[in-house]
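Those protein sequences? They're chains C and X, same order as listed.
Residue 1445 is where the first sequence ends in the working numbering, and the numbering goes up by one at each step.
Residue 994 is where the second sequence ends in the working numbering, and the numbering goes up by one at each step.
Among these hints, one or two may not hold up.
Stated by the list, open to error - Here are a few chain C residues that sit away from chain X, every Cβ distance over 10 Å (derived from the structure):
{"no.": "1", "residue": "I1207"}
{"no.": "2", "residue": "N1262"}
{"no.": "3", "residue": "R1267"}
{"no.": "4", "residue": "L1367"}
{"no.": "5", "residue": "R1413"}
{"no.": "6", "residue": "T1437"}
As the list claims (entries may be wrong) - With a cut-off of at most 25 Å between alpha-carbon atoms, the simulated DSS-like pairs for lysine-lysine come out as follows:
{"no.": "7", "chain 1": "C", "residue 1": "K1298", "chain 2": "X", "residue 2": "K757"}
{"no.": "8", "chain 1": "C", "residue 1": "K1256", "chain 2": "C", "residue 2": "K1322"}
{"no.": "9", "chain 1": "X", "residue 1": "K857", "chain 2": "C", "residue 2": "K1298"}
{"no.": "10", "chain 1": "C", "residue 1": "K1310", "chain 2": "C", "residue 2": "K1326"}
{"no.": "11", "chain 1": "X", "residue 1": "K881", "chain 2": "C", "residue 2": "K1256"}
{"no.": "12", "chain 1": "X", "residue 1": "K857", "chain 2": "C", "residue 2": "K1356"}
Derived from the structure by calculation, the hints contain no laboratory data.
Computed from a prediction, not measured in an experiment: that's the story for all the values here.
Every residue gets a Cβ at the ideal spot worked out from N, C-alpha and C, and that includes glycine.
What follows is the residue order along each chain.
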Amino acid sequence: MSKLKLQDTGDIILETRDLTKRYGGIHALEGANFILRKGEHVAIMGDNGAGKSTFVRQITGVEQHTRGDIIFNGKSVRFENPMDAREAGIETVFQTLALADELDVPDNLFLGRELVKFRLGPFSILDYKAMRERTLQALEKTGVKIPNLRNTIRHMSGGQRQCVAIARTATFHSKLTIMDEPTAALGVQETAQVENIVRTLKEQGEPLILISHNMRQVFDLVDRIVVFRRGRIVANLNKHETDGQDVVAYITGAKTGEEYQDAA
Amino acid sequence: MAEVSHGIGGLKFDASKKTWPNELNIFMALVLIVVIFEALGAMLMGQSLLFDSAGRFDSIFNEARLYIIILQVSIVGIIAIGVTQVIISGGIDLSSGSIVGATAMIAMSFAQTELVNGNPNPKAIFGPALMDLPVIIPILVGLACGLFAGLVNGLLIAYTRIPPFIATLGMMVTARGIAKWWSKGQPISFPTQDYAVIGNGLGGWMPVVIFIVLAILFQFILKYTVYGKHTYAIGSNEEAARMSGIKVGRHKVLVYAIAGSLAAIAALVLSSKNLTAQAGMGIMYELDAIAMAVIGGVSLSGGRGSIVGTVLGALIFGVIISGFTFLRLDAYYQEMVKGGIIVGAVVLDQWRQRPSASRS
Ligand SMILES: Nc1ncnc2c1ncn2[C@@H]1O[C@H](COP(=O)(O)OP(=O)(O)OP(=O)(O)O)[C@@H](O)[C@H]1O
Ligand SMILES: [Mg+2]
């Protein structure tokens, strides 16, 4: 904790203090202290079940954490639901993708924040044309391959689904982007495209949390690597002061960061 | 962009080859069923079901039978509109028939005339102060009943995690109880002239007009409004809808409230058409409405279907039922066949989903 403490907190976009989540008796996340600075790209690595997605669900309002604090953009927050987090400026590609199978691509891109041409509360009238145009832009930006926008998600390949979910985050301006294993089902070219999107975010100075099992990708894209093990953060590594073997040692438990000794 | 390649990222897609809408299949099923009954009619009865074979040349249709089919379909069809959006949202509503009963009883008691042929109304529920009220009163009272029942359904389902099947089953029993308790089982009759218009106006076509107007309205709402989009989203993947920021609970309350209100409209139309309300009104209507929706391609697993489909499903349902009457099959057989149709439609729905079911 002491090592992470900052004199100047003005450049921190996201901080969690002692963030903890239990599912009944399961300690999925224990006392996570995490800091992300503005413009910084951080990878979260760790074995299956290490608590990475659980961590994401706590900071995006999908679930309510058991204990601890989340400070986003200088304010202590507790998002009641995912919409609050999106409105605050956190865009997320969830591991489960969160797509509605029976809807088509534009519908999914704008799900929960549809463009309307006439406001009438819940019965506001959709602006299909505008959503379609912006979808085309977003997909071109992300280089996604989809034969027919009107196809429902149900009829798409795993990779195409993932592309749609990624295009969704790229469509909206955000203060923080979180991607939970965004390239897990993607082919070589599509993975390269997604990595380009990530690089663009970096150039634009938009901060990112990237969850990935791909060591090459992580070392290519991010500044810092945070390792989760059995629900705890066990390492916080500057990319330039570590290497693949070192990270693997932390993931498997052969090593634990000195500031996290009590966690192991 | 080339003619054929409208796809994104260079993938080929021929935009001129639109996907075949399911509604067209259902329409063809309707045509097929009519043809079957016409054939059976010609063979067994020497008569036509829908076309006039009695030698009258002023019309090609057997108008009397068409009217009966359409009228029957219209009243349950109004309920089916509400049920359709409930099923699309991934739920089910078993309470609509009982809501019809309770609403009919309560609304009718605010619609009575004081004098029937110069004598006091023999079925009077309230004193003279609450008789001969303007027609808007029973209409609003009725709508409020349906809305309230629907709200209770929605709140239970959204916030207590009771499955829709159980919550609406509870409402089904409760609302029927209210219908019986309201006048201690006595029918309520003799409404005002104005009230009678709701179900008998426009030369008897009023129920049909109300049904068509509501069907068009809800087809539009489901397709072109945020409400509709969220209904489909919740039905196709509730968790995804929630993670995308849709307020799922609030939306469900609205869905069931609207379903309750539509059941109330059906109750107003039905009690007005019959000029009386009885505690047993609307029994089994919930199942007929569900059958209409499912026949019309509304998937019980949620996320799929349309009002157009349900309207076609309602017509199929109506043709089959009057087809059996026409063939002089016993009412017992009709009930059994009805059950068969519902199960058959669900099997068809499951089968339709199989080829592309990559995940549920
Ligand atoms: N809703 C839940 N109820 C009970 N246990 C849960 C729930 N969600 C997650 N868990 C448990 O919490 C632990 C952490 O899960 P999590 O999904 O965060 O892992 P992860 O690090 O994202 O793994 P992966 O790399 O496989 O995605 C696991 O042991 C998991 O079984
Ligand atoms: Mg995960």
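Hints, one by one, checked against the model:
C:I1207, annotated as away from the interface, keeps every beta carbon of chain X farther than 10 Å; the closest lies near 19 Å. A Cβ of chain X approaches the Cβ of C:N1262 within 10 Å, the least distance being about 7 Å, so the stated non-interface status is violated. Distance check on C:R1267: its Cβ comes as close as 5 Å (rounded) to a Cβ of chain X, failing to clear the 10 Å threshold; non-interface status is violated. No beta-carbon of chain X comes within 10 Å of the beta-carbon of C:L1367; the shortest separation is about 13 Å.
With a minimum CB-CB distance of about 25 Å to chain X, C:R1413 clears the 10 Å threshold, and the non-interface call stands. Look at C:T1437: its CB is around 33 Å from the nearest CB on chain X, clear of 10 Å, so calling it non-interface holds up. Between C:K1298 and X:K757 the CA atoms are separated by roughly 52 Å; this puts the pair beyond 25 Å, and the hint is violated. A threshold of 25 Å between alpha carbons decides the hint, and for C:K1256 with C:K1322 the separation of about 32 Å lies outside it, so the pair is violated.
Restraint check: the Cα-Cα separation between X:K857 and C:K1298 comes to about 14 Å, which is no more than 25 Å; the hinted pair holds. The hinted pair formed by C:K1310 and C:K1326 meets the criterion: a straight-line CA distance of about 20 Å does not exceed 25 Å. Annotation: proposed proximity of X:K881 to C:K1256 holds, straight-line Cα distance about 24 Å (limit 25 Å). Proximity of X:K857 to C:K1356 is assessed by CA-CA distance (about 33 Å); at most 25 Å being required, the pair is judged violated.
Of the hints listed earlier, those the structure fails to meet are numbers 2, 3, 7, 8, 12, in rising order.
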